[in-house]
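Here the protein sequences line up with chains L and V, keeping their order.
Quick note on this note's numbering: the first sequence kicks off at 945 and runs consecutively.
Quick note on this note's numbering: the second sequence kicks off at -14 and runs consecutively.
If you're looking for bench data, these hints aren't it; they were derived computationally from the structure.
Glycine included, each C-beta is placed from N, C-alpha and C at the ideal position.
Pairs of lysine-lysine residues, derived as DSS-like cross-links and limited to a Cα-Cα distance of at most 27 Å, are as follows:
#1 K1001/L with K(-13)/V
#2 K41/V with K(-13)/V
#3 K1027/L with K986/L
#4 K(-13)/V with K27/V
#5 K(-13)/V with K52/V
#6 K52/V with K41/V
#7 K27/V with K1001/L
#8 K1022/L with K986/L
#9 K27/V with K1022/L
#10 K1001/L with K1027/L
#11 K986/L with K52/V
#12 K1022/L with K1001/L
#13 K41/V with K27/V
#14 K986/L with K(-13)/V
#15 K986/L with K41/V
#16 K1001/L with K986/L
#17 K27/V with K986/L
#18 K1027/L with K27/V
The following residues of chain V were derived to be distant from chain L, with all beta-carbon distances above 12 Å:
#19 S11
#20 F46
#21 L60
#22 D63
The primary structure of each chain is shown beneath.
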Amino acid sequence: EPEVTQTPSHQVTQMGQEVILRCVPISNHLYFYWYRQILGQKVEFLVSFYNNEISEKSEIFDDQFSVERPDGSNFTLKIRSTKLEDSAMYFCAERRNNEQFFGPGTRLTVL
Amino acid sequence: QKEVEQNSGPLSVPEGAIASLNCTYSDRGSQSFFWYRQYSGKSPELIMSIYSNGDKEDGRFTAQLNKASQYVSLLIRDSQPSDSATYLCAVNFSGGYNKLIFGAGTRLAVHP
Chain L
945 EPEVTQTPSH QVTQMGQEVI LRCVPISNHL YFYWYRQILG QKVEFLVSFY NNEISEKSEI
1005 FDDQFSVERP DGSNFTLKIR STKLEDSAMY FCAERRNNEQ FFGPGTRLTV L
Chain V
-14 QKEVEQNSGP LSVPEGAIAS LNCTYSDRGS QSFFWYRQYS GKSPELIMSI YSNGDKEDGR
46 FTAQLNKASQ YVSLLIRDSQ PSDSATYLCA VNFSGGYNKL IFGAGTRLAV HP
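If we strip away everything but chain V, and leave its shape as in the complex, we get:
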């Protein structure tokens, strides 16, 4: 069974702090990893994609991938109340037609 695991939270951080969200996945052969943000009642919105080991930065967001540990994370710097949402980790497991397997999501709450 191919799985993606996330801590459900809530993760509560003060405004301006760094929020760190983590995800592990079961299939060592996976190649593509994605972070989505989902506001309540809305659809998933793509924030970052990462394919290679290491860090990838985009504005206040940094995705980190460690394939040996089967671990992917998302850092949000200078967190804002508008970042409060559920963050979904999604993995494109090997052998499929690029279907995404989602984790249950981590709820982030940024308080002023």
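Bound conformation, chain L alone:
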């Protein structure tokens, strides 16, 4: 079965820099999600995206975060000014038949 892909697999950045994480979901699906997992902690919901609009966001998803689907395929998460505490695994997920399937994740390291 086709899988969600994410790039890059690992991103290292300096504090204060902008990063863009990319997700390529299976086409023709409408529901997408971003989650993050800080090392040793729970998987946390960030934002859901339905029909090219944000449908729900968590308290974590503040003004430094944004999501887009710029070209109808790739789905991006942008962090405008990274902080040390943004270091985590970031997963995108797509919903198929009420189930969510996760991509392999991007490990973000903020120095």
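Please arrange chain V on chain L, whose structure you already have, making use of the hints.
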């Protein structure tokens, strides 16, 4: 605050035994429940979904749901060393756009 609780473990079982993983959730109106497996450094992999009270079986895995007790469990029969991983319980709470709330996970260790 909508929460999902799991025993962090580790749960250690011998190869061939049944592993029993448990999860409780706070929102009585929740409708959808999921078990994911996560190997170290990897993404969550969906194992089972369950929506109705009772048991749902898929191969060596059985999910059990009791909405009155707000309790969901996962049984793994004939446990194998390759089943050693962290098992995450996730709940789709009522009123949201299907966002998942995850428990902290239970680490399972199957020893030969």
